[in-house]
Structure formats: structure tokens, C-alpha cells
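Here is what each chain is made of, one letter per residue.
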Amino acid sequence: MYAFRYHHAGSIDEAVRLHGSCEDPGYLAGGHTLLPTLKMRLAQPSDLIDLGTIDALKNTSTGTDTLIIGAGVRHNDVARMTHPIPALAGLAGQIGDFQVRNRGTLGGSIANADPAADYPAALVGLGATVITDRRQIAADDFFVDLFETALQEGELVTSVAFPAPRRAAYMKFPNPASRYAIVGVFVAWTASGMRVAVTGAGARVFRVAAMEEALERNFSPDVLADIQIPDDGLNSDIHATPDYRAHLVTVMARRAVALANA
Amino acid sequence: MNLSGEYRINAQRDVVWQALNDPAVLRQAIPGCETVEQESSTAFTARVKAKIGPVSAVFTGRVELKDLDPPGGCVLSAEGKGGAAGFASGDARITLLEDGQGTLLRYEAEGKVGGKLAQVGARLVEASATKIANTFFSRLDGLVAVPETLPPAAAERSLPAGRRMPEVFLERVFIALVVAAVGSLGIVAAFLQ
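For the protein sequence lines, the chains are A and B, in the order given.
If you're matching positions, the first sequence starts at 0 in numbering that gives the first Met the number 0 and goes up one per residue.
If you're matching positions, the second sequence starts at 0 in numbering that gives the first Met the number 0 and goes up one per residue.
Think of the hints as simulated: they come from the structure by calculation, not from any bench.
Please note that the accuracy of each hint is not assured.
What the hints assert, rightly or not - List of simulated lysine-lysine pairs, DSS-like, C-alpha gap at most 30 angstroms:
| hint | chain 1 | residue 1 | chain 2 | residue 2 |
| --- | --- | --- | --- | --- |
| 1 | B | Lys-111 | A | Lys-38 |
| 2 | B | Lys-50 | A | Lys-38 |
| 3 | B | Lys-50 | B | Lys-80 |
Claimed, not checked - Here are the computed distance ranges between Cβ atoms for each label pair:
| hint | chain 1 | residue 1 | chain 2 | residue 2 | range |
| --- | --- | --- | --- | --- | --- |
| 4 | A | Asp-23 | B | Asn-9 | 34 to 40 angstroms |
| 5 | A | Leu-34 | B | Leu-96 | 44 to 50 angstroms |
| 6 | A | His-246 | B | Glu-5 | 22 to 28 angstroms |
| 7 | A | Met-0 | B | Arg-138 | 30 to 36 angstroms |
| 8 | A | Ala-190 | B | Glu-97 | 48 to 54 angstroms |
Every residue, glycine too, gets a C-beta built ideally from N, C-alpha and C.
Just chain B, same shape as in the assembly (with noise of 0.2 angstroms):
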């Protein structure tokens, strides 16, 4: 499976981070997200009951950072589990750009399906994880162009010690580009080709 795509998130780098750093915001923009972890300062885990069609599943995905080129992007590589529904991997390129008053961000993901997944076909794999992705960049667009929405904390918290700011956009930005891509490959069991 292959996704790509690019989105211009309507506010300048800074607010994005800023907002992307708060687990609040997050577990807000991704849909159906319980709760996202960080296991490490370079791996995360995320909880997430995705629910497309007929199909109600919970899935937890596990990013983890490599290739680090702060602000231009990085590799990500992830893995997810969806319990009876098999499980998924796969690695991603992150860029980011500055747009004007906004920030472009485009990513190319490569990944692989196994367990049951596999074995019934990938009719809504692609469209699911775009339509997860599409909801996750709008619902974030929704949160950084309206600050008023943000908890006051968002906006004066500071970045761990030793972290940059880059680096900790693109995990957040990451997680929900797995979890969206692992959620909707629980899908595809559901539909027999």
C-alpha cells in the first residue's frame, strides 16, 4: 500500500507545534483517539477506536523516528496491531515547508498488511486512510486557526529539554498518520473481495 499527500495547515510553524505538542489537541484531531503515549524521545504509542462502516476496532500503533533532518523532515517507521484483524508496518517521509502565513506538510508512506488483512484483499485500505487523514487535517486546521480553542496552557508551554521543535511535530503529525492508516486496515476484513 502507498499513500501520499500534502495539506497547508492554515497557521504559521510555530502555533502548529505548539498546538501539535499539546496530547490534548491531539487526541482531539485524530478521530476515534483514546490516548497517545510517549514510550521515549523518539517513540510513541497511540490508543484508537476507529470506526469506518460496519467495522468497530480498537488499534494501537507504536512510531518510532529515524533519519532526523530538523525542520526540512525525517523517516518515520511505524507498526500497528488490530487484534483480530491482523496488523500493519510500513515507513513514511515527512516534509514540511513554509507557505506563506502557513505551513505545507507532505508526507509519502510505504506499508504492508498481514494476518487477516492480507489474506482478504485491499479493496478500502487507501480510501480509508485517506478519508482518517483528510479528518485528522481539518479537525487540526479547525484547532490551530481558532486559538481560542486551544487550553490556555497550549500557548505559553515551553518544549521538553533537549527536544526541537521539528522533531516533535513530526512525531505527533506521524502518529496520526499511522493510527489513520492502521485504523482504516481493519476495514478491509470486513468487506470479502
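Same shape as in the complex, but just chain A (with noise of 0.2 angstroms):
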């Protein structure tokens, strides 16, 4: 590891500030992806904001019909708080393994946008609200590309607003080894409809049209037993090809309606 210069940060603003007056600052949250990178000399920031003692950042409140979770609430506390939301529960408690739960946080997940994380997927197939220090983007624009968002720098994810659907469930494929996903597929039924957004297959969270047709129609797991998407532009890694990951994305569309439907 280099040397950094390590900042707490006692508020949003401050941080903010803070970022903005650093040569080559970078933003500190569960510290799961950016601690191993740092480690391996792979990155050199000038300094680093630690955002682990806003208070801020870890406010949930659940209305009616949306929950909203800080930035900075960790995976194992969206995993056991009973919430409006049972498959977002569902979806935190099979990220990583229990020491990345019990670190990692929502804003610091999507603010990285890794194509296999799990929560993409969440944020996208419940149509949520990203909420920063500056503004509000639908999850939609939210992902850009493999690790790519639309924010700015210096912008930071403040918490996520999540409208409650009728029914929803998350499956996924997870690698054995590191619980990422290699095909993870959310699906809800939502106020506005179908929605089914697909993690770790493509270079960002992607939604697969034919599908939420198929589902508009019956709300059941047979309706999407031919519908296969092409795999073109999909993922190949060691892990597997892009074929299978086309393949899987079928099956875990299915097993996750039936999930929903239980």
C-alpha cells in the first residue's frame, strides 16, 4: 500500500469539500473493493475520505409504499431489517460472505458499478431513485457502463429510495468462490409495471424487454421458458462463456418468478 492521507469526514458537505480540494482524492465506504486494490499498489489516491462516520448516510425510514436506505447502511442491515421490501432483504444477505456484509455498503456497491455486483440489479429492477449530495437519477441512467456511472466527480451517493412492488425476488448464480455474481436476475411487478434486470452477465445491469412483455401478459415462470437472449456483447471470463451466461439468465429469470409467486 502507498502512503494516503486519511481524512474523517464529519458530514456530507465536508466531505464533499474535502474531495474538492484534494489533487487525487477518493471516497472511503465499506472499503471492500478499494482496500484490496489499494493493497496491491493498484491505485494511488493523494487522500482518502473515510464517509464511515456520517450519521447521515445511515438513515433509513420506510414510508407506505418506498424505502429508503442511507448510503452508508451496511449489507447485513438490509439484509435483517424487516422492511416493505422482502426480496431487497433477500438479495443483501447472499452478497460476498459474511465479512463483506457485515462491511460493505449500498452507495459504496452501486457508486463502483462492479458488472457482477448484486445490487445493481436491485436498484434497476425495482425502478429506485439514486439520491446524491446534488440530485436525483433513476436507476435506469444510473448505470452507465462497466464501472461507470452517471456521477460526477466529487458527487456521492447520499441513499437510494426503493418503491415497494406488488411481488418481487432475486436469483442468481453466484460464483462458489467469491458469491459474485456470474448471472443474477431481479424481477418485480411494480406499480409500473414488469421489470427484469439482469447483474454479472453484461458490462453494466441491462433489463430484458421480452421478458417483462412475456410477464405483463402472466404474471408465471413458463411464459419466459423460450425467450432467450442473444449473447452477443455478454461477459466471457474463465468462469464461463458467453452462451451459458445467456442461458442462465432464462433460468434464473424463471426460478426468480416462481420465487415471487411463493
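Given two chains presented individually in distinct reference frames, assemble the corresponding complex, making use of the accompanying hints.
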């Protein structure tokens, strides 16, 4: 690890101000991606701004049809919470291992935008809204590309607003070692229609219009059986080929619908 | 690691060659590129600051041209060093085709990684390399499709004596590809499998 300056931010405003005044700064949330990167000397920020001491990022509020979760809330807290979106708790409980869930945060996960992270599927699947220190961004517009979001330089995610769906579920085929999603599918029957969001398969989370249309007609696993997404541009690595991932999307989507109906 | 792709650049080959012959244009097109230097008539080095996700590292790549078959294509041999991240090397076959008013470029690359990179796996190598290559080609397309953005000298510029246009084109493009691949290799080390 290279040397860097460490800052405790007391408030959201202070964190953003510090970020603007440093040469090559970074925000530190749970640190479970950033710290291994630093340990391997694959990044050399001049300053790290620790967000862990900002209480305003840890607030959670439940409305009748919306759940707002602070960006600093950890995966284990979301998994254990009693709240109106059980599918979200189920998803959070499947992220990484216990240590990762005990440190990793919602804001850190989505700002990093790993193509195989779980939370992006929930945000897009539920049609959530990302709230930052300066604006609100629809989840559909938030995830731009591989590790790339709509966030501007220094912009800080403060919370995410999830509308409660009628039914929803998340199913993933995890890498057995890392628990990253080789393919994960979040299916939701929302007030604005059906949504099917896929993570792990492409450079970023994406929706499957053909599956959404089929589910509009009948919210049943069987209507998805013959829908295969094209494997063009899907991820390829030592764990799975694009073709295999395309196949898994259909399998996971069917299981997710079955779970949502259970 | 195997990489392949096909891109259509929306300009005639002459225009593309001229643009790619200008290091200033190239530096604009390669994401994070700091320098491109010519070592000899068939060898180049490039220095790139790659940033994808949490990883930000400086990589240097060296490219050598082999099996020249202008203007149809060639094989390019490359190696890159990313400091603590490790190293990568590989060969790529490039094919160039005229396509109406545009230029169709195809490449097939085969590479291997070593050092820390090889230890921690390859979950994100291909996706990252593809992203960087896509960025390069879309920027390049933007640069050559709008000639006004080129330095005036680029249009007038002539090739070094004794060098043929296809060679120059291939070298320049492949530097970008290698840099893309090498730069992206650094990313894997950050994501324990």
C-alpha cells in the first residue's frame, strides 16, 4: 500500500468539500473493493475521505410505498431489516460472505458499479431512485457502463429510494468462491409494470424487454421458457462463456418469478 | 485470454491513415494515453494511465510488427508492463477491409498474463479490454468523421520516406489495442475471485 492522507468527514458537506480540495482523492465506504486494490498497489490516491463517521448516510426510513436506505447502510443491516421489500433483504443476504456484508455498503456497491455486483439488479429491477448530494438519478440512467455511473467527479451517493413492488424476487447463480453473480436476475411486479433486471451477464446491469412483455400477460415462470437473450456482447471469462450466461439469464429469471409467486 | 472484434470506422482508409499517423490524434483516442513513441520503423512504445473502477495504474506497452502483408493485414507482437500489477504479452492478427465509404477493421488477439495478475484470476480482463477498445474506436471515429477537429497539419502530413500507409495504420491501431488489453489486465488484481 502506498502512503495517502486519511480524512474523517463529519458531514456530507464536509466530505464533498474535502473531495474538491484534494489533488487525487477517493471516498472510502466499506472498503471491500478499494482496500484490496490499495494493498496491491493498483491505485494511489493522494487522499482518502472516510464516510464511515457520517451518521446522515446511515438513515433508513420506511413510507407506505417507499423504502429509503442510506448509502452508508451495510449489507447485513439491509438483510436483517424488517421492511416492505423482502426481496431486497434476500438479495443483501447473498452478497459476498459475512465479512463483506458486515463492512460493505449500499452506496459503495453502486458507486463502484462492478458488473457482477448484486445491488444494481435491485435498483434497476425496482425502478429505484439514487439520491446524491446534488440531485436525483433514476436507476435506469445511473449505470452507464463497466464500472461507470452517471456520478460526476466528487458527487456522493447519500441514499437510494426503492418503491415497494407488489411482488419481487432475486435469484442468482453465484461464483462459488467470491459469491459474485455469474448471472443474477431481479424480477419485480411494480406499480409501473413488470421489470426484469440482469446483473453479471453484461458490462452493466440491463433490462430484458421481451421478458417484461411476457410477464405483463401472465406473471408465471412458464412464459419465460422460450425467451433466450442474444449472447452478443455478454461477459466472457474463465467461469462462463457468453452462451452459457445467456442460458442462465432465462433459468434465473424463471426461478425468480417462481420465488416471487411463492 | 482471447480477444476479437470488428469495427467500422466511418471514413475512407486514406483519411483514417492520415489521422492515425498523427500522434496527437492517437493520444486523444486512446483512453488515458500519455505518450506514444516510435522506437524503430517496426517498434513503438506507449504509456497509458488506465483507470477502470477502483484501479488506476500506469502501464507501458511495446509493440512490434511482424508478417507484414500490406494492405491486407499483419501480425503484431506486444508486451506490456504494469509495475506491481504484473505483465502481459500476446499476438494479434489484424485484417483491414474497404467497406463502401468506410473502413472495416478486424482483429483477433491471443494473450497471456503473468505475475500478480495471473494469480488472482481473470474475471474482468475481457470486459475491461473490450470497453477500452470500444472507447478507442468510437473516439477515433469521432475524430476522423469530423475533420475540423484534426490539427490542420494532419491533413497535409506525409508519411516518413520508405514507409507505406497500411503499416503505419496497423501499428497505430494495434498500439491502442495492446494498451487497452494491457491496461485492463491490471484491473483483475483488485477483484479477488
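Here is how each hint holds up against the structure:
Taking the CA atoms of Lys-111 (chain B) and Lys-38 (chain A), the gap is about 24 angstroms. The hint holds against a cut of 30 angstroms. Of the pairs offered as hints, the one joining Lys-50 (chain B) and Lys-38 (chain A) holds, with about 17 angstroms between alpha carbons and a cut-off of 30 angstroms not exceeded. A threshold of 30 angstroms between alpha carbons decides the hint, and for Lys-50 (chain B) with Lys-80 (chain B) the separation of about 15 angstroms falls inside it, so the pair holds. Checking the proposed 34 to 40 angstroms range against Asp-23 (chain A) and Asn-9 (chain B) shows it holds: the Cβ atoms sit about 36 angstroms from each other.
Checked against the hint of 44 to 50 angstroms, the C-beta distance between Leu-34 (chain A) and Leu-96 (chain B) comes to roughly 47 angstroms, which is consistent with it. The given range of 22 to 28 angstroms is respected by His-246 (chain A) and Glu-5 (chain B), whose C-beta atoms sit roughly 24 angstroms from each other. Between Met-0 (chain A) and Arg-138 (chain B) the beta carbon distance is about 33 angstroms. The supplied range of 30 to 36 angstroms therefore holds. Distance hint check for Ala-190 (chain A) and Glu-97 (chain B): the Cβ-Cβ separation is about 53 angstroms, which falls inside the suggested range of 48 to 54 angstroms.
In the structure shown, no violation is registered for any of the earlier numbered hints.
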